[in-house]
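Same order as they appear, the protein sequences are chains A and C.
If you read the first sequence in my numbering, its first letter stands for residue 348, the second for the next number, and so on.
If you read the second sequence in my numbering, its first letter stands for residue 94, the second for the next number, and so on.
Check before you lean on any hint, since a few could be wrong.
[Said to hold, decoys possible] Below, simulated DSS-like cross-link-like pairs (lysine-lysine); rule was C-alpha separation at most 27 angstroms, straight line:
#	chain 1	residue 1	chain 2	residue 2
1	A	K491	C	K198
2	A	K398	C	K241
3	A	K431	A	K385
4	A	K431	C	K241
5	C	K241	A	K507
[Unchecked claim] Here are some chain A residues pointing at chain C (derived, C-beta under 10 angstroms):
#	residue
6	K437
7	T453
8	Y466
9	K501
Rather than coming from a laboratory, the hints here were simulated on the basis of the structure.
Fair warning: this is a prediction, and the values are worked out from it, not measured in the lab.
The beta-carbon is built from N, C-alpha and C at its ideal position, and this holds for glycine as well.
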Amino acid sequence: MNAEKIITFILCFFVSMIAGCSTTPSANLKELNVGGKKIKYVSQSCSPSIKWDGFDVSVEGLEFPNSSDNPLQFKVGKVDFEEKSIRKIKSTIFYYDGLLTSTCQTLVRLNNEESIMAYSKHRDEVLQSLTTYLSSVEAAKTDKEISQISEMSKVDVEAKNSNLKKQ
Amino acid sequence: MCKLLLRLLLVGFLSIGTAQAFEPSYSFSRILLDAKAGDLIRDNISSQIQTGLISSSINGDLFSRIEVFSTAIEFRGCDCGKSPSKAEINEYIENNFKEFPDNVKSELKENLVRTKNIEEELRRKMFNPDLTDEEVLIYAREREKLLKNALEYEAEITNNFYRLIKPEAYRELESSFRDIHQQQENLEYQIASKGILEDAFKQYEQLETLYQKAVRKLIEKPLEVRSPAQGEIRKLNQSATDKYAEYLNSISLTQ
């Protein structure tokens with residue numbers, strides 16, 4: 348009986364340790380979920396930038412302690428897509444790029460630490476939405492899918508913004 | 094030889110097609126944001142660096158290049174240090190929307206100048222040092238909304254233009270060409286990995302015939318690509334232009 352209590356106590360201790368650790372911000376190390384894969388990163392700049400060399404889009408300005416290559420590279424400029432879809436992808440990426448920049452501009456304007464932390468979290472969410480969008484585009488097979496994914500992604504990130512307002 | 098000639102013709106035709114079509118090289122909202130970045134950061138970054146949230150300045154550079162078939166469309170972000178002037182807005186419209194008739198261009202210009210003025214005003218208000226963080230966020234959200242609506246407005250008029258210079262029939266042909274090309278590539282891959290199988294070879298020949306037919310049709314098609322009538326462009330853009338102007342009117346700057 349006693350042993351059981353001790354074991355329960357030790358278990359509770361570990362559970363609370365783990366829970367405590369996971370909620371404590373540790374040295375700016377953040378995590379992105381890209382197509383089910385967890386990627387740890389450190390922000391190097393206020394606003395990550397987006398590069399598109401034709402077929403690959405990459406998100407620059409982040410450091411990845413567990414990887415020597417940049418894992419945020421996506422093949423989205425497929426020849427098989429209609430020009431209209433390519434324009435849609437381009438326009439959505441423009442939107443994210445602008446959003447990340449303007450989020451950064453707001454971030455530098457905020458004064459108290461609490462709102463900076465909250466808004467910084469919001470910036471991370473925008474980044475997560477962007478990488479989710481890019482990996483969905485990479486996996487998309489048809490022009491119709493591209494259109495739907497692009498619309499949904501913008502609606503989704505806008506909803507995150509209005510949630511921020513309510514807090 | 095015939096196939097090579099057709100391919101060459103197609104490449105030539107596609108390049109002409111692209112030269113005629115216009116493709117905005119970057120978005121207007123992007124110019125606005127880039128223009129402000131330097132000014133904004135200078136005054137405010139030092140305190141933020143101390144909190145560890147920001148480790149370097151904004152990198153607003155955006156360089157992109159898309160290749161569609163043999164054509165290349167290039168666009169890069171504008172790295173201007175100040176707010177765009179009316180002349181720069183004119184230049185932007187001339188570079189990216191030059192095929193538009195003058196009345197459509199002047200409506201577009203009016204909306205973009207208003208966008209610039211509203212953005213400047215929102216920024217000026219947002220950077221008022223007496224504001225609380227909550228008030229800052231109100232202006233920040235208004236700017237983000239402006240960014241989204243401006244991008245959508247631009248995207249819509251661009252698509253409208255394409256609808257006029259590239260009729261549906263052209264697009265259908267182009268997509269059937271793409272399908273055949275894709276199937277051919279799959280077969281080429283199959284042949285390369287498994288060796289020449291009789292079935293695959295027969296299929297390939299059939300596809301080649303289809304491909305050549307599609308190419309011929311595409312080559313004949315540009316003659317049918319009509320130059321858009323001025324009134325038609327205006328009519329097509331009217332709802333997007335009105336909707337955007339109405340949105341600009343709805344922005345309240347008196348908070």
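Now the hints, each set against the structure:
1. K491(A) - K198(C): This hinted pair is violated, its Cα atoms lying about 31 angstroms apart.
2. K398(A) - K241(C): 20 angstroms, holds
3. K431(A) - K385(A): Not satisfied, since the Cα-Cα distance of roughly 32 angstroms exceeds 27 angstroms.
4. K431(A) - K241(C): Roughly 19 angstroms between the alpha carbons, so the hint for K431(A) and K241(C) holds.
5. K241(C) - K507(A): The given pair, whose Cα atoms are some 14 angstroms apart, holds under the 27 angstroms limit.
6. K437: 7 angstroms, holds
7. T453: 4 angstroms, holds
8. Y466: 8 angstroms, holds
9. K501: The hint holds - K501(A) has a Cβ within 10 angstroms of chain C, the shortest such distance being about 7 angstroms.
This entry does not satisfy hints 1, 3, going by the numbered hints stated previously.
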